[in-house]
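Produce the entire structure from the sequences given, and follow the hints as far as they go.
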Amino acid sequence: MAKLIVSILSSLDGYCAGPGGTLGGLPMDAAFDVHNLDCMRRAGTLLFGAITFPMFEAYWPSVDHSPGSEPVQREIAERVAAAHKLLGSDRLSVRPDSPWADTEVVPRAQARARIAQLKAAPGPDLLIYGSHLLYNSLLAHGLVDELHLLVGSVLLGEGVPTFEPGLMQQWTLLDQRRLPGSDTVTLHYDCRPR
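Numbering-wise (this note's numbering), the sequence shown opens with residue 535 and increments by one.
None of these hints come from the bench; they were simulated from the model.
Quick reminder that beta carbons are idealized off the backbone N, C-alpha and C, glycines included.
If you anchor each label on the Cβ, the simulated ranges turn out as follows: (1) LEU701 - ALA643: 17 to 25 Å; (2) LEU626 - PRO553: 19 to 27 Å; (3) VAL597 - ARG629: 17 to 25 Å; (4) GLN644 - SER687: 34 to 42 Å; (5) ARG576 - GLN703: 18 to 26 Å; (6) GLU604 - ALA643: 33 to 41 Å; (7) PRO695 - ALA643: 18 to 26 Å; (8) GLY691 - HIS599: 36 to 44 Å; (9) GLN651 - LEU626: 18 to 26 Å; (10) PRO588 - GLY676: 27 to 35 Å.
Below is the structure:
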């Protein structure tokens, strides 16, 4: 069976995005990219919500794939391009001319059932970066197997909370470490219900 893994970058004061959903205040440095590549190397499916999907769709297909380009970004872009992509949204559709035109779009009411189907099949992991509403819903319904909570050394003061109010769970800490060359700490949890 495939595992569902969430990787989320959070501020010290518990925000995964700043006011209005801006990401600029979070430390997305080279160590963050290396962590993301490590997650991508085990993933076969990327899951998106309606806010994160357009950001990824605009960024990753435009990354320079030439041999002289930055190797970590290039490999992430190649793996993102090759991955099966699922968008859980009631309002977004994928343009036919998009480089990601083959993305599977599932209404939000059916997303959990479809993700459970994908998890039940043999194969590589399912992975979520961002997509705050989607991963919180999946956590609330016990569908997330592992969480990589990256805590950046910043205070945002306000913004989008990393976890929705009312989410009560107990997880097992599998590993904690400081990302090499960074002030970001990663906390790796097993989120499966006990």
